[in-house]
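From first to last, the protein sequence lines stand for chains Y and Z.
Residue 50 in this note's numbering sits at position 50 of the first sequence, and the numbers go up by one each step.
Residue 297 in this note's numbering sits at position 297 of the second sequence, and the numbers go up by one each step.
Check before you lean on any hint, since a few could be wrong.
Taking lysine-lysine and the PhoX-like style, the derived pairs with C-alpha atoms no more than 20 Å apart in a straight line are [said to hold, decoys possible]:
{"id": "1", "chain 1": "Y", "residue 1": "K74", "chain 2": "Y", "residue 2": "K134"}
{"id": "2", "chain 1": "Z", "residue 1": "K193", "chain 2": "Z", "residue 2": "K171"}
{"id": "3", "chain 1": "Z", "residue 1": "K178", "chain 2": "Y", "residue 2": "K117"}
{"id": "4", "chain 1": "Z", "residue 1": "K4", "chain 2": "Z", "residue 2": "K124"}
{"id": "5", "chain 1": "Y", "residue 1": "K3", "chain 2": "Y", "residue 2": "K117"}
{"id": "6", "chain 1": "Y", "residue 1": "K117", "chain 2": "Z", "residue 2": "K236"}
{"id": "7", "chain 1": "Z", "residue 1": "K271", "chain 2": "Z", "residue 2": "K236"}
{"id": "8", "chain 1": "Y", "residue 1": "K133", "chain 2": "Y", "residue 2": "K71"}
{"id": "9", "chain 1": "Z", "residue 1": "K185", "chain 2": "Y", "residue 2": "K117"}
Calculated from the structure, these hints are not laboratory results.
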Amino acid sequence: MSKKLLIIDDDPDFVSGIKSILDAGGYEVDVAYNPKDGLRALQAKKYDLLLLDIMMGRGAEGIMIARKMRKDAKLREIPVLIITGMREQIAFLFPGEPVHPRFVDVDEMVEKPVEPKLLLDKVQSLIQAAEAKKAEK
Amino acid sequence: MENKAKILIIDDEEVVLDSCAQILKGAPYQLATASDGTSGLTLLQEFRPDLVFVDLKMPGISGFEVLEKIGEIDPTIVIVVITGFATVSSAVEAMKKGAYDFLPKPFTPDEFRLIARRGIERRKLMLEAIALRKERDLLREQFASIVSHELKAPLSAIQQNIFALEFELEKRLGPEQKEKFERIKARLTDLLKMINSWLRVIAVDIDRLKEGFVPLSIAEPIANAIESLDTLAARKNIKIVSEVGQDLPAVLGDKVSLAEVFVNIIGNALKYSPDGSNVRVTARQEEQTIAISIEDSGIGIAEEDLPHIFDGFYRGKGGQTVAGGHGIGLAVARQIVEAHNGSIEVESEVGTGTTFTVRLPIHQS
Ligand SMILES: Nc1ncnc2c1ncn2[C@@H]1O[C@H](COP(=O)(O)OP(=O)(O)OP(=O)(O)O)[C@@H](O)[C@H]1O
Ligand SMILES: [Mg+2]
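Pulled out of the complex, with its shape left as it was, chain Z reads as follows (with noise of 0.2 Å):
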């Protein structure tokens, strides 16, 4: 690729595409022209270059429209109008259209040469912008893989040597050096639980999630969701009531993630709610949407908390003193949630029970 930044002029008048070409001879530039529309899009497509200056009245097509199809071409070539003194409307008009800048004729060689400059300039940060934003996505995308192997691997070897050491050890271990092992364990447990939690917000990779989407019944995710809180519940004594309607319109979905949200929040309903107590679950049409509530008759959460408990890493107080967590259940769930267009939404009183309502759109097929 050639270094030299590329102008293209396209304008029906001689003189100015040769007094142009003569301002910028021996500036680092490579120049082309073209004397109306038709023929300066197509050269556009071959020369692509970094700016264009496109006289607003030409015969033929208008500059207005070559400056539409540009934008259609490549947005982030910059385009400047060259305007009589007498449109300058036409000039405001074409930069709201999306050119950069306008060069009123008559121009002097130092006017010229400065709006040509300021121009590639903008190229250079529109390219490098766009550049550093490929960039992020990448390593947002690569974080997930790093961090397993950067800092997940050096863990689970740490723990693996642990946990053959205590085995090893074990008929030789005094009572106080057994907990010590247990501490030690323990505590890596945690870390790699940690390490686990924050990949599943990172990674959540939402554009390749819709990508998979199809129509599905919203009683087959619930129905997945609550077998796998089976035992949870069993161990507390809690019923899970379900009244999900068998024939209810079909959503567009992923039926994996979908799961994962109604574990999450029904699983929520079952940490924070006493012994033996119910967590209803129903699904229900409501114009065109599905709404799933799921109510509890747990702890509740205190007002100050409500706003809170969708961002990620965040804890209630009353959800800390009954039980363990990270704070990131409802964070993946909301941003599940967001990806198939619906919404969740929470009320609910400290000591009487909350209900959660999650509502996607049904499937118009």
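Bound conformation, chain Y alone (with noise of 0.2 Å):
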């Protein structure tokens, strides 16, 4: 069975570019591109991964995202591939913070726009290190 991705970004144009990677590597993928309707797919259905744009709107409003997930025990479990437009502005956000911030269990951070490689790989991994870690429990 193919694994399922979410995507939750704000630009329907990058989705595009990301989604038909997704999609010819063989995950079944869905979209949604504001935060509310976000967290509402996450609530209703299990993924395997979640994509998440961190910059979404103005205000980093994906950062809302990221820490109710880990703040739920159920949610805090889907490996987080974190998609940012700006490396430095993270940074910003959370001062004396590592560049990489630890949301969830199994996390990783990417600058847009990622290569097509580079995607499937980090994906595949994420999802194998949050399985080995689920199989540890």
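Starting from two chains that each stand alone, build the complex the way the hints lay out.
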């Protein structure tokens, strides 16, 4: 059975550019174009991985989702690939924290735009890492 | 808020207060009066005038004292001093202390009206200038996020779709078509990189940086910088020799941005040096500073380039021929070092090598 992915990103053009790569990679991909729909989708269906644009909107609304996930025991288990337009701003939003914020059990960060091979590699390795972690428990 | 301009008059002579009130009757001003400095200052706090007339010679606290206190309360309040003819010299003194103008006694209604009007005008201009400056600062702060969204987002979307298109068409593309994809991707990548480095220069917020200063050992950011340049050094087979005293006194600063300074300078040393050479990094105490030198035996910098290399977007002639870049590294380094109350110096000879020296003041605990 193919793995289910959710993309939360407010830029439809950017989404089309990663969705087709993931489609071709054999994943089943859903998309939410705003944080609200995204959160609703996360609660309604079981996903194997979330691709999250953290700088969505002016106020970095993606962070809100990441924070909610961190507090929710069930959602915490979903691996997250954080996609960002600006590395520096992430550091700025979390002063004192390393550039890579650990929101959930398994997460990693890539910068927009993402090369197809890198994207598929990251998605695969994050899903594997999350499964391994679950098996440990 | 009322839009009528507010005038406060502080004078111990009843007749002066009365005649001023009389003159301004019907004019678009809101008037308040006080007959001595102390009650004038109390009134000022709640009345918040745009313009204050103050008599220099009053019983109780002097006009000069009132002048000084108003400056402390709100330096944008415009002050005009009222003086007798015999005391023009003290009017000059008052203007040196921040008064905007003086009104010699006795004065005609026209003189008083004119000076009042000019004083109010002055206050308006001051407030406008302040508002403008605030707006500009805000714009600069927001510039980074505006640029990142309005410029970078569309470029990222374009690049992402080109990635996807090439990925989907991979098996169907001929070599010439593949080359076109490579060209498009390379140019877009350059553009994105350029925007990133512009953002670095514009968005370094020095004040915010200073808020996070802590005492630290200079060895740390140097080690971090060298570590992050490992691969580059290995690729060029360059050895970075580091001699940093372990028990040097601390400096006050921000570790991450200081590491960035050394990454930029040591990175240049690697970039502009031949394969197989050495780069020396030393740190030592010099009087009340820590001096960090980065010495290379690379291409050197021409004399005519030396005065400009710390400017944003400037690239030296020698530099341009051996490697790519945006001319940003040293401009950012200088900004950061200056925020630390330090200095950067360079000595260089074409064909022999270059030494950069960063000096940072020792932290006085
Ligand atoms: N160690 C060095 N040896 C020779 N030339 C140097 C050295 N360091 C700096 N330069 C000269 O000073 C110029 C400005 O340096 P700077 O680091 O600001 O920009 P850059 O290296 O050209 O680009 P980038 O923004 O990518 O760092 C360079 O273009 C180069 O000509
Ligand atoms: Mg450089």
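Verification of the supplied hints:
{"no.": "1", "hint": "K74(Y) to K134(Y)", "result": "holds, 12 Å"}
{"no.": "2", "hint": "K193(Z) to K171(Z)", "result": "violated, 29 Å"}
{"no.": "3", "hint": "K178(Z) to K117(Y)", "result": "holds, 16 Å"}
{"no.": "4", "hint": "K4(Z) to K124(Z)", "result": "holds, 12 Å"}
{"no.": "5", "hint": "K3(Y) to K117(Y)", "result": "holds, 18 Å"}
{"no.": "6", "hint": "K117(Y) to K236(Z)", "result": "violated, 27 Å"}
{"no.": "7", "hint": "K271(Z) to K236(Z)", "result": "holds, 9 Å"}
{"no.": "8", "hint": "K133(Y) to K71(Y)", "result": "holds, 18 Å"}
{"no.": "9", "hint": "K185(Z) to K117(Y)", "result": "holds, 15 Å"}
The structure does not agree with the numbered hints 2, 6 stated previously, though it agrees with the rest.
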